[in-house]
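Student: If you read the sequences in order, they're chains D and P.
Count along the first sequence from 1, then add 417; that gives the number in our numbering.
Count along the second sequence from 1, then add 417; that gives the number in our numbering.
Hints were generated in silico from the structure; no laboratory data involved.
Each hint should be verified, as a subset may be incorrect.
[Claimed, not checked] With a straight-line Cα cutoff of 20 Å, these simulated DMTMM-like cross-link-like pairs (lysine to aspartate or glutamate) come out:
no. : chain 1 : residue 1 : chain 2 : residue 2
1   : P       : Lys652    : D       : Asp653
2   : D       : Lys761    : D       : Glu776
3   : D       : Lys730    : P       : Glu618
4   : D       : Lys730    : P       : Glu776
5   : P       : Lys730    : D       : Glu776
6   : P       : Lys730    : D       : Glu812
7   : D       : Lys652    : P       : Asp653
8   : P       : Lys730    : D       : Glu618
There are 2 protein chains.
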Amino acid sequence: MRAIGYARENRERFVSELEEFLRIPSVSALPDHRVHIDRAADWLVEQLRAIGLNAETLPVEGGHPMVYGERTDAPGRPTVLFYGHYDVQPAEPLEAWTSPPFEPTRRGDDLYARGASDDKGQVFGVIKAIESVLRGSGRLPINVKVLVEGEEEIGSPAVLPWLNRHTRKLACDSMWVSDGMLFAPGVPTITTGLRGLVYTEVVATGAVRDAHSGMHGGAIPNPLNALATIIAGLKDRRGHITIPRFYSSVQPPSPQERAAWDQLPFDERQYLRDQGIETSPGEEGFGVLERRWARPTLDVNGIVGGWMSVGAKTVIPAQATAKVSMRIVPNQKAKVIYRAFERKVRNIAPPAVRVEVRELAGSDPVLIDQSSPIVQSASAAVCEVWGRDPAYTREGGSIPIVSKFVNVWKIPAILFGFGLPDDGHHAPNERFHLPNFFKGIDTVVRFIEEAGN
Amino acid sequence: MRAIGYARENRERFVSELEEFLRIPSVSALPDHRVHIDRAADWLVEQLRAIGLNAETLPVEGGHPMVYGERTDAPGRPTVLFYGHYDVQPAEPLEAWTSPPFEPTRRGDDLYARGASDDKGQVFGVIKAIESVLRGSGRLPINVKVLVEGEEEIGSPAVLPWLNRHTRKLACDSMWVSDGMLFAPGVPTITTGLRGLVYTEVVATGAVRDAHSGMHGGAIPNPLNALATIIAGLKDRRGHITIPRFYSSVQPPSPQERAAWDQLPFDERQYLRDQGIETSPGEEGFGVLERRWARPTLDVNGIVGGWMSVGAKTVIPAQATAKVSMRIVPNQKAKVIYRAFERKVRNIAPPAVRVEVRELAGSDPVLIDQSSPIVQSASAAVCEVWGRDPAYTREGGSIPIVSKFVNVWKIPAILFGFGLPDDGHHAPNERFHLPNFFKGIDTVVRFIEEAGN
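Using the sequences and the hints, build the whole thing.
Tutor: In structure tokens, the structure reads:
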């Protein structure tokens, strides 16, 4: 318990250091902020070294530097890789902030700043937990690796290829993704599942050039109408996706998992009110949480072609493109689903247009068995620190880097963050609830100790 | 025949004067060219006065000045209003021009300049024809009005409201639209029909804000998918529009009109080759010309919403808008069709989205009886000047100003131009075939004489 004691004694210093981190406006979306990206990375490396890790920034080709630290002097013990990101969203609109986004300000129990909760506060909490174990106990009972990227908020475009070139360095037994939030205040939440993603473009081509809809309408194909026909043909009237064998490998959540979701403090009616809708139009027979976490979807994300501005232009475009993406769930495979999608699109495409299908992104879904050691250790830590069992959830989104670790490298991963749903991620007045910052540190401390047992 | 003699003796001067007109870069789309717009209008007024008409520029609120001239000293005789436009398309790309667009250049029988054929050469030919009759015969056998607008190339946004305020000034017995082209070289072509237009926006709204397709996909409605369902539901598999009673007032072309179209030098296979398509996807049982001229259509012109740029963004938009337009034919009515469209859209809209339908533009189709005096006089003039009967065609586009004259004011109108299909309207190296300029003047001269009989 000396580590927990250390963590508790140093809380104020931890907050001061976090404030220093938050003052660096490491906005990854703004090219002219590259200097701050580099500064944030260097600052983190110094932090990691100061607490006793071997740390360095590693260049990412065409991207932002990766911060990597490790301490692997516990032979025979498991290796846990902690992952987070040091980049932040743009702070705009600035006028909506009560205090400046890069001048961290405490009001009550909350620390306000861009990145406070997403994700600097969370990744820094992990570092402080490692420090607490090292300083409190003099040693780490496990091997730790810390990987902090600088382009999560722009979709990590350069990170996946980078991962492939650093397979050995990243070898570990489990992965802890330090990003995200509790399901609700007071409900520590371990996320063990993610949906996968198949993101496609369907390109329909009609005549060789854009045409005047008066001069040629009725005689030439309209790629936009054709795309509408294709899209409408991908679902039936009840919202069921009509791609053959689309659902055949869908594995329903276990009765235990479903029962656990039923216990979550989630009010479907409140969700609908928040969304401003009267009914959820999804598949019959599934609750809203299951629809979002464990059912596959098909959504159009945008249609490009013709006149996309204000007012009336009478054009029949030569070509139009629909961005159609699918969220997939265990045990669907992105490659299999993409091929089935492509076949279906070709089958239902009106003969007058030429259709091309492209795959823009694909990642497999993630599902971690709750008997995995990392889940067990995290759960034990939660029980001690929070005085209750964790909630187990999934998320409906897709994180390619997690899919890589879990599905390619077969490394079990959990997502465990200590933010709150109303922390204002990506919004003005982002904040981190400091009691959660401290409890998060304690939880990671206890997790490290548990994992070493 | 003294008028024809005058016209023929003065051909070289007419071309010189036209060249002067063409040197004024009256591009209506470029705000900084307003000075040239005004100069072109003033130049035309001087021309009209010089040949003996009362002429003036009339301000158009929020638009470009209208040139108006008249000579109405033939009491008891019909009044013909000639319409055209003095504004031109932008000349870009300039590097594609062999000679500068605003330095008229003769090569062989062609005069090259922006606006040579569309529409300065044509409207100027009418003025020179009036001059020829006045100077050759000393008097006009009919009353003439000349209306030349300055914003046709940007869609005449301010002209329609202006028309409503000048109903009495524009009173006439028939309208001659001096714009357009022969169906083919050597085929003088009187256009007696236009399709109408109903241009709508269908706005579908789902949740209150754009959502992450991972976090919420499966539980909230997607307005883009809903629009696809609506659009797909507006036509059946054979391309037939499914709006109830949509076709009920469609009046097929007469057997004579169809027979005349069959005689036109039109090669369907060549048309398909030009469009780069293998088959025309339109309604079965109708030829390509009939599909373009006399059948109603429904085309999507653009879909706004979600991610309309390059790459993958996983958004479910809160709202999306489809621009859906219909070309309508005699005797469909824009207002009736719009209401039927709106009802149909509401009926087939998925219940999970809210749908709003807006009418952006509407104009009724135009069809002039071939027994109208203006058609008869024009036809007689063609026979004399061209040594053959005119071809009668329709156009698939919609001209709101013509619809106004014909449908609201009940004034029969014809479109009769002397350009050629390869004159390069709106393209680099626009030209006017001078033998057609001369023959056009002769045709208008003979028309005025015929109309006065």
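Student: A separate judgement is required for each hint: does it hold in the structure or not?
Tutor: Structure-based check of each hint:
no. : hint                 : in the structure
1   : P:Lys652 to D:Asp653 : holds (17 Å)
2   : D:Lys761 to D:Glu776 : holds (14 Å)
3   : D:Lys730 to P:Glu618 : holds (11 Å)
4   : D:Lys730 to P:Glu776 : holds (13 Å)
5   : P:Lys730 to D:Glu776 : holds (13 Å)
6   : P:Lys730 to D:Glu812 : holds (18 Å)
7   : D:Lys652 to P:Asp653 : holds (17 Å)
8   : P:Lys730 to D:Glu618 : holds (11 Å)
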